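Single-letter residue listing:
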Amino acid sequence: MMPQDEPKFDELYRELILDHYRYPHNRGVLEKPDVDMQQHNPVCGDEIRLTAIIEDGTISQIEFMGQGCSISQASASMLTDRVTGLELTDVDALSVEFRNMLRGDDPDEQMMQDLMALQGVSKYPVRVKCAVLAWDTLQKALKLK
Amino acid sequence: MMPQDEPKFDELYRELILDHYRYPHNRGVLEKPDVDMQQHNPVCGDEIRLTAIIEDGTISQIEFMGQGCSISQASASMLTDRVTGLELTDVDALSVEFRNMLRGDDPDEQMMQDLMALQGVSKYPVRVKCAVLAWDTLQKALKLK
Amino acid sequence: MKDMSVRSDFPIMDRLIHDKPLTYLDSAATSQKPAVVIDALADFYRNNNANVHRGIYTLSEESTLAYETARVKVANFINAGSEEQIIFTRNTTESLNLIAYAWGRDNIKEGDEILITPMEHHSNMIPWMLLCKEIGCKLKYISINEDGTLDLSNLDELISENTKIVSLTHMSNVLGTINPIKQIIEKANKAGALSVIDGAQGAPHLPVDVIDLDVDLYAFSAHKMLGPTGVGVLYGKEKILSAMSPFLGGGEMIDEVYEDRFTTKEAPWKFEAGTPNFADVAAFGVAIDYLDDIGMDNVRQHEIDITQYALDQVRKIDRDITVFGPKNLDIRGGVLAFDFPGVHPHDVAQMMDWDGVQIRAGHHCAQPLMRRLGVSATARASFYIYNNQEDVDRFIDSLKKGGEFFGDASR
Amino acid sequence: MKDMSVRSDFPIMDRLIHDKPLTYLDSAATSQKPAVVIDALADFYRNNNANVHRGIYTLSEESTLAYETARVKVANFINAGSEEQIIFTRNTTESLNLIAYAWGRDNIKEGDEILITPMEHHSNMIPWMLLCKEIGCKLKYISINEDGTLDLSNLDELISENTKIVSLTHMSNVLGTINPIKQIIEKANKAGALSVIDGAQGAPHLPVDVIDLDVDLYAFSAHKMLGPTGVGVLYGKEKILSAMSPFLGGGEMIDEVYEDRFTTKEAPWKFEAGTPNFADVAAFGVAIDYLDDIGMDNVRQHEIDITQYALDQVRKIDRDITVFGPKNLDIRGGVLAFDFPGVHPHDVAQMMDWDGVQIRAGHHCAQPLMRRLGVSATARASFYIYNNQEDVDRFIDSLKKGGEFFGDASR
Ligand SMILES: Cc1ncc(COP(=O)(O)O)c(C=O)c1O
Ligand SMILES: Cc1ncc(COP(=O)(O)O)c(C=O)c1O
Numbered sequence: 037m038m039p040q041d042e043p044k045f046d047e048l049y050r051e052l053i054l055d056h057y058r059y060p061h062n063r064g065v066l067e068k069p070d071v072d073m074q075q076h077n078p079v080c081g082d083e084i085r086l087t088a089i090i091e092d093g094t095i096s097q098i099e100f101m102g103q104g105c106s107i108s109q110a111s112a113s114m115l116t117d118r119v120t121g122l123e124l125t126d127v128d129a130l131s132v133e134f135r136n137m138l139r140g141d142d143p144d145e146q147m148m149q150d151l152m153a154l155q156g157v158s159k160y161p162v163r164v165k166c167a168v169l170a171w172d173t174l175q176k177a178l179k180l181k
Numbered sequence: 037m038m039p040q041d042e043p044k045f046d047e048l049y050r051e052l053i054l055d056h057y058r059y060p061h062n063r064g065v066l067e068k069p070d071v072d073m074q075q076h077n078p079v080c081g082d083e084i085r086l087t088a089i090i091e092d093g094t095i096s097q098i099e100f101m102g103q104g105c106s107i108s109q110a111s112a113s114m115l116t117d118r119v120t121g122l123e124l125t126d127v128d129a130l131s132v133e134f135r136n137m138l139r140g141d142d143p144d145e146q147m148m149q150d151l152m153a154l155q156g157v158s159k160y161p162v163r164v165k166c167a168v169l170a171w172d173t174l175q176k177a178l179k180l181k
Numbered sequence: 002m003k004d005m006s007v008r009s010d011f012p013i014m015d016r017l018i019h020d021k022p023l024t025y026l027d028s029a030a031t032s033q034k035p036a037v038v039i040d041a042l043a044d045f046y047r048n049n050n051a052n053v054h055r056g057i058y059t060l061s062e063e064s065t066l067a068y069e070t071a072r073v074k075v076a077n078f079i080n081a082g083s084e085e086q087i088i089f090t091r092n093t094t095e096s097l098n099l100i101a102y103a104w105g106r107d108n109i110k111e112g113d114e115i116l117i118t119p120m121e122h123h124s125n126m127i128p129w130m131l132l133c134k135e136i137g138c139k140l141k142y143i144s145i146n147e148d149g150t151l152d153l154s155n156l157d158e159l160i161s162e163n164t165k166i167v168s169l170t171h172m173s174n175v176l177g178t179i180n181p182i183k184q185i186i187e188k189a190n191k192a193g194a195l196s197v198i199d200g201a202q203g204a205p206h207l208p209v210d211v212i213d214l215d216v217d218l219y220a221f222s223a224h225k226m227l228g229p230t231g232v233g234v235l236y237g238k239e240k241i242l243s244a245m246s247p248f249l250g251g252g253e254m255i256d257e258v259y260e261d262r263f264t265t266k267e268a269p270w271k272f273e274a275g276t277p278n279f280a281d282v283a284a285f286g287v288a289i290d291y292l293d294d295i296g297m298d299n300v301r302q303h304e305i306d307i308t309q310y311a312l313d314q315v316r317k318i319d320r321d322i323t324v325f326g327p328k329n330l331d332i333r334g335g336v337l338a339f340d341f342p343g344v345h346p347h348d349v350a351q352m353m354d355w356d357g358v359q360i361r362a363g364h365h366c367a368q369p370l371m372r373r374l375g376v377s378a379t380a381r382a383s384f385y386i387y388n389n390q391e392d393v394d395r396f397i398d399s400l401k402k403g404g405e406f407f408g409d410a411s412r
Numbered sequence: 002m003k004d005m006s007v008r009s010d011f012p013i014m015d016r017l018i019h020d021k022p023l024t025y026l027d028s029a030a031t032s033q034k035p036a037v038v039i040d041a042l043a044d045f046y047r048n049n050n051a052n053v054h055r056g057i058y059t060l061s062e063e064s065t066l067a068y069e070t071a072r073v074k075v076a077n078f079i080n081a082g083s084e085e086q087i088i089f090t091r092n093t094t095e096s097l098n099l100i101a102y103a104w105g106r107d108n109i110k111e112g113d114e115i116l117i118t119p120m121e122h123h124s125n126m127i128p129w130m131l132l133c134k135e136i137g138c139k140l141k142y143i144s145i146n147e148d149g150t151l152d153l154s155n156l157d158e159l160i161s162e163n164t165k166i167v168s169l170t171h172m173s174n175v176l177g178t179i180n181p182i183k184q185i186i187e188k189a190n191k192a193g194a195l196s197v198i199d200g201a202q203g204a205p206h207l208p209v210d211v212i213d214l215d216v217d218l219y220a221f222s223a224h225k226m227l228g229p230t231g232v233g234v235l236y237g238k239e240k241i242l243s244a245m246s247p248f249l250g251g252g253e254m255i256d257e258v259y260e261d262r263f264t265t266k267e268a269p270w271k272f273e274a275g276t277p278n279f280a281d282v283a284a285f286g287v288a289i290d291y292l293d294d295i296g297m298d299n300v301r302q303h304e305i306d307i308t309q310y311a312l313d314q315v316r317k318i319d320r321d322i323t324v325f326g327p328k329n330l331d332i333r334g335g336v337l338a339f340d341f342p343g344v345h346p347h348d349v350a351q352m353m354d355w356d357g358v359q360i361r362a363g364h365h366c367a368q369p370l371m372r373r374l375g376v377s378a379t380a381r382a383s384f385y386i387y388n389n390q391e392d393v394d395r396f397i398d399s400l401k402k403g404g405e406f407f408g409d410a411s412r
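Chains as they are written, first to last, in our numbering: chain A, 37 to 181; chain B, 37 to 181; chain C, 2 to 412; chain D, 2 to 412.
Note that these hints are calculated values from the structure, not bench results. Wrong hints could be hidden among the right ones.
Unchecked claim - Simulated pairs of lysine-lysine, DSSO-like, Cα-Cα distance not exceeding 30 Å:
{"id": "1", "chain 1": "D", "residue 1": "K402", "chain 2": "A", "residue 2": "K165"}
{"id": "2", "chain 1": "C", "residue 1": "K266", "chain 2": "A", "residue 2": "K181"}
{"id": "3", "chain 1": "D", "residue 1": "K134", "chain 2": "C", "residue 2": "K266"}
{"id": "4", "chain 1": "A", "residue 1": "K176", "chain 2": "C", "residue 2": "K240"}
{"id": "5", "chain 1": "D", "residue 1": "K402", "chain 2": "C", "residue 2": "K139"}
{"id": "6", "chain 1": "C", "residue 1": "K110", "chain 2": "D", "residue 2": "K401"}
{"id": "7", "chain 1": "A", "residue 1": "K159", "chain 2": "D", "residue 2": "K141"}
{"id": "8", "chain 1": "D", "residue 1": "K21", "chain 2": "A", "residue 2": "K165"}
{"id": "9", "chain 1": "D", "residue 1": "K266", "chain 2": "B", "residue 2": "K179"}
{"id": "10", "chain 1": "D", "residue 1": "K141", "chain 2": "C", "residue 2": "K266"}
{"id": "11", "chain 1": "C", "residue 1": "K21", "chain 2": "B", "residue 2": "K165"}
{"id": "12", "chain 1": "D", "residue 1": "K317", "chain 2": "B", "residue 2": "K159"}
{"id": "13", "chain 1": "C", "residue 1": "K402", "chain 2": "B", "residue 2": "K165"}
{"id": "14", "chain 1": "D", "residue 1": "K238", "chain 2": "C", "residue 2": "K134"}
{"id": "15", "chain 1": "D", "residue 1": "K238", "chain 2": "B", "residue 2": "K165"}
{"id": "16", "chain 1": "D", "residue 1": "K401", "chain 2": "A", "residue 2": "K165"}
{"id": "17", "chain 1": "A", "residue 1": "K179", "chain 2": "C", "residue 2": "K74"}
{"id": "18", "chain 1": "C", "residue 1": "K134", "chain 2": "D", "residue 2": "K191"}
{"id": "19", "chain 1": "A", "residue 1": "K165", "chain 2": "C", "residue 2": "K402"}
Keep in mind the model is a prediction, meaning the values are calculated, not measured.
In isolation and in its complexed conformation, chain A is listed as follows (with noise of 0.2 Å):
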């Protein structure tokens, strides 16, 4: 009955999270966007809006705009600066291996990169809504557009 490999709470907030949290990066609503929208997670009220650009089947720029806690803002901050520039099929796959990690599936490193970062959030099954709640959002956002 014992969690096999715990993760350690700096693990859990490394310095990336909480730089993110911190100093959020492309924090912002854009002007005119091409998709715009809002989702909540009605257990703990996080929010996220995203506004983003698409050319080409491009997200050529997003930025978000939230509240809550550390782990769903980080998530959104880096969602932006890893979608940036990324054609919405690979934004697909992405989604679909950052799920899977958070599910507890060993993750593809490569394609993770920084989002790596939030492997450990798989432990907490309650905070795994917080950290998917922008990916939530954005896939929701696409699939109306």
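Using the hints provided, position chains B, C and D with the ligands relative to the given structure of chain A.
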């Protein structure tokens, strides 16, 4: 959690009970009775019918018919023996004392007499209902009269 | 008879009753528990206890993991497609009531029919009676044959377009009859009726494959299959559970709550209101592991063997003992209800108790069936994996002795 | 603060979390269990396990005795007039749903009003919302003051002749507020409304006397008061229980059953359908004994002391920490929900976990209250008899450390 004072099998089925069961006293149905009441125990289907003649506030004659387990039938047989010739107020008092004994109280042995044979039943709650069925029937009959 | 040699896994088997070895023959009412299950339960409280879901701390994560892992084990045990089709309730009875309340009140209207059988346990009768009383629907019965099997000759007439629910027991807890449920489910499904199986005596004793059965809903109890008391299961097809209204409301089953409205979680959590019985569920997971290790085919074979032996021995007794239910072990489980001429079932049970033999006497929560059998009560011995030939021998010896004791009281 | 010196009775207290001693501060969600309760449960399964009621054999008599004795203990614990007023359910949530279904559907009609408060747990909201959705009755709210107490200034207007049920929590699981329930019950009773108390946080922490309260129905959970999971209680006045329709139907709750109708047993058995959670109920009886030995006045005093100490220590932290709920310990229990500026409650809980401190973060099943407080979630520490000054000190240390860690993330 161990039961205190386990009754012995042969205590429960003292010769007296088995005798009454094998050779019941006052078995039958009176003609033109003053009271005639039938009751059953839905849990096991035991049935008792009592017919009695009441004269001057006294039970002058009583008979029982029925079917069921040894406890219910022997108890009915013993009841008819015991209440014949008793005044109704004494029947009431006896009935209360009998019930109390089966609920686990220390009985007044002088009052109980033969009925003491049924004391062991008090350790088997399911069977208490068998033992009091005849008494329930009598009480109901007298109340309705 | 192959000995399952699991008996020593069950601590209670060392118990003496009136200084005699315990001969436990009431597993149809509730089963005994192996040490691994008892220890898992105690260990959980000693090491991992915390409320499940939503806790962001180690104990709560451990507790949640144990609870949700048990759900996966139960799903695999009955070959459910996914663990999200497994609802934890208190017992079979609550599972069946959940259907009657949550599905019944939305889908049944006046004049509709619910088809059951006369061999149902009260738990698969009263919920429908309550529903019919409220809505004005009708309860109908499949007939029963002399040998304790169902009479399916007119099934096509019984299941009409008015039939909205067909609910029956996988195995009778009195007759031991194993019903041809697959065939009946197929007819019910075809007619557009909801197919419900009371698996209280199915899941513990028979291999169950809900996908193969194609059953809509299947209910059973942990306490009858080596698990703790206080845990029931309701399996349901995904499309049925997701369309079903909630039943009990409260914590755990909601998504968002405002002062005037709320939204619910998805199934199965939608149906689990309030703090679940998570410690017992975790221990039930261990019971499932234990049964998986033995293999349900072996459980079934053992019960065939021991029941056959018991039937043979009873037949040898020089008394006119009536054994209820089918004689063919292909369609009979390890339940042996009988009538001992001249001795009331209560007296049978009580005299056996003196020999350490624990059998049940009464109506076995099946009063309508008792009436059809023409008895007010029966005595019943029932078997499980820990019972062996010696148990049967002690049962037979005690029965003979009691017969002599009450001998001339027979009439 | 007087040490209760009962801590060593609780085996889980030896547990290490991330190599740190366990500091369990989530007793409002569920309590830990003393060894006597865990052992009683395991011993029951090892020695006495059998289905209760109707069994005419030794094990069943023992099991029934343990089950029914627990009922007597619970009755005495809350000063119920008789044990027949104690119904065993799964949890508080089921107890409250039982009322909404069995009493509500018979007695509530369109336009009737049910009065609750904004500090209710979802379990004392959703059952009434389900009822109102079905029947068309209205859910009304008593207002709440800034300090987390109820605003009773207009209670006489709020309780009108349309009010059929007044239901509120004895103590808030978020604010810690102990409500003046006696006064509100009196008004409800006078107006002819059913008075219902959610005692999930009452019975474990405060002396309760249902006769003195004159309350119609009082609900609580064993798992929050040292007992096993899977056991709830519903106390009811005799005249209310006996007039109430059955809720769940099945075995155990019936008297006679025919193929088209049935009669029920008397209360409380009328409301206990199917095999009850008898092993856990028996162990709950031992938990009640344990609390009786300590004395509920002492439990209450200990919680006043430890909460006062915790409030004082939190105040000393050089941060703008908001503690919710009343400051006066006369009307506050051992619950400490707080807002740590700049750090999300989830992060607070997670960083504390690393220090072995187990607190809850989230909406605490009270989303409407969260909205009134203007927060999406809070962190919450809650205390019980096994907590001591050291626990509070570890909690405070961890809180300070986390503040520094997240320090400049504050905005
Ligand atoms: C005030 C209050 N009411 C009701 C409940 C629900 O209790 P349970 O989950 O045991 O049904 C709780 C516990 O979470 C509570 O704190
Ligand atoms: C066939 C059958 N159905 C239903 C039940 C009810 O099970 P439970 O009491 O666990 O709800 C039983 C057990 O007594 C049973 O044998």
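Here is what the structure says about each hint:
Distance check on the hinted pair: K402(D) and K165(A) sit about 26 Å apart at the alpha-carbon level, within 30 Å; holds. This hinted pair checks out: K266(C) and K181(A) have alpha carbons roughly 27 Å apart, not beyond 30 Å. Proposed proximity of K134(D) and K266(C) is supported: the alpha carbons are some 18 Å apart, at most 30 Å. For the suggested pair K176(A) and K240(C), the alpha carbons sit about 24 Å apart, so the restraint of at most 30 Å is met.
Between K402(D) and K139(C) the alpha-carbon distance is near 67 Å, which puts this suggested pair outside the 30 Å criterion. The suggested pairing of K110(C) with K401(D) is violated, with an alpha-carbon distance near 62 Å, which exceeds 30 Å. Between K159(A) and K141(D) the CA atoms are separated by roughly 42 Å; this puts the pair beyond 30 Å, and the hint is violated. Taking the CA atoms of K21(D) and K165(A), the gap is about 27 Å. The hint holds against a cut of 30 Å.
About 23 Å separates the Cα atoms of K266(D) and K179(B), which keeps this hinted pair within 30 Å; it holds. A distance of roughly 25 Å separates the Cα atoms of K141(D) and K266(C); the hinted pair therefore holds under the 30 Å criterion. Proposed proximity of K21(C) and K165(B) is supported: the alpha carbons are some 27 Å apart, at most 30 Å. Under the criterion of a C-alpha separation no larger than 30 Å, the hint pairing K317(D) with K159(B) is inconsistent with the structure, at around 62 Å.
Distance check on the hinted pair: K402(C) and K165(B) sit about 26 Å apart at the alpha-carbon level, within 30 Å; holds. Of the pairs offered as hints, the one joining K238(D) and K134(C) holds, with about 26 Å between alpha carbons and a cut-off of 30 Å not exceeded. Distance restraint check for K238(D) and K165(B): the Cα-Cα separation of roughly 26 Å lies within the 30 Å cut-off, and the hinted pair is therefore satisfied. Restraint check for K401(D) and K165(A): satisfied, since their Cα atoms lie roughly 27 Å apart, inside the 30 Å limit.
The suggested pairing of K179(A) with K74(C) is violated, with an alpha-carbon distance near 35 Å, which exceeds 30 Å. A threshold of 30 Å between alpha carbons decides the hint, and for K134(C) with K191(D) the separation of about 33 Å lies outside it, so the pair is violated. Of the pairs offered as hints, the one joining K165(A) and K402(C) is violated, with about 67 Å between alpha carbons and a cut-off of 30 Å exceeded.
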